[in-house]
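Engineer: Listed here are the chains, written in short residue letters.
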Amino acid sequence: MQPGSIKNNRFARKKSVFQRQKICRFCTNKALILDYKNPSTLKYFTTEKGKIIPRRISGNCAKHQRKLTKAIQRARNIALLPFTT
Amino acid sequence: MKGYETVVIIHPDVDDEYLDNITKKLAKAIEELNGKWINLDKWGKKKLAYNIKKCTKGYYFILFFFGTIKLVKEMERILRYDENILRYMIVVSDEDLETMINKEKEDKKQVTEEQKPEEKHIKEEGINGNKEVN
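Those sequence lines, one after another, are chains S and A. In terms of my numbering, the first sequence has 47 at position 47, counting the first letter as 1, and numbering is strictly consecutive. In terms of my numbering, the second sequence has 128 at position 128, counting the first letter as 1, and numbering is strictly consecutive.
One chain only, chain A, in its complex shape (with noise of 0.2 Å):
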């Protein structure tokens, strides 16, 4: 199990929904096949450095993940397919995936103690507020 990352670069002119889609599909093969789902970056439109297929800005976003050979092709053959999908790149990451899953960990663990003071104050009140799960 060795940890990969992709970084894809999609239209510009693209719903919300598509991307959606995209990362389902990506998250599917991953549990189909036992990776391990690390971290997706956002970074948005940026301007590319030249065109490609007449575009001029593009949507990136960079997955981290723990897989196999075969999760990597089989990601490969999903993002081939896709007439929206201008370019991908799978490569080996040379960065501390493990740092990253602990960040993420203390990260979840912030956001649950933020939430269990304001849901004290509203037991207290007695209103049911508006529990939202991550």
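Just chain S, with the same shape it has in the complex (with noise of 0.2 Å):
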């Protein structure tokens, strides 16, 4: 058994699939308001079905991503966002 060369594979391996790293858009662009008021930015982060898209698609931070769908949540109980089309 040579278990270094296994874990060197291992950590290879996921280096090379998930080695996007991409950028928080609030966290870089402070002029951008999360609010369930403005539709128009979570259309963004929704998918056709009117799913909410997940956080490794997204790039979003944890922090950011609870404050979106929060958001969403509150604009499809009034009606500005549907549940599904």
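Among chain S residues calculated to face chain A with C-beta under 7 Å, some are:
hint: 1; residue: 78
hint: 2; residue: 79
hint: 3; residue: 81
hint: 4; residue: 82
Rather than coming from a laboratory, the hints here were simulated on the basis of the structure. By construction, the Cβ of each residue, glycine as well, lies at the ideal position given by its N, Cα and C atoms.
Given two chains presented individually in distinct reference frames, assemble the corresponding complex, making use of the accompanying hints.
Structural biologist: Dropping the structure here:
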């Protein structure tokens, strides 16, 4: 057994697949307002069906993703965004 | 005393008197329970993302106010027992309410300043002009 080589191979695989480092849009551009009253900015983070895009694809940080989901759910309750289309 | 905001959706086929009645009821409740009325934004008729009680459009407006929990429960009671109100949502507000209060005061000052030169001209002419009070 060569445990060293196996470990190196595993880490090599992980880095090659998940190497894209996306930047959080809300951390860099502080003029973007995260509010349930602005459905135009929230639409970019939903699919065509109305589902919320996961964080590993949109590139948001954890804090802003949590705020985003709350804002989208509030907007859905007020009929500014659909639940499904 | 926390800052709250309420979003209310009303049936589209409703008179203006009904809207005034609702705003008066809410203003009464705010005054009775020592709250502060900050601002009221009217968004007008908007298309809904899904049908609510077979309506495709609705009349939106937002109310910002300071208050306690008792005030919030009173407002919920008022909004729940109206048949023409489709939805309401009361939420703790994240916005800067103090800046909104200051903006309103500045807007009122500007309006009074604009009226003053007009009144001067009217006095010079010798006619009692229409004193429009907000």
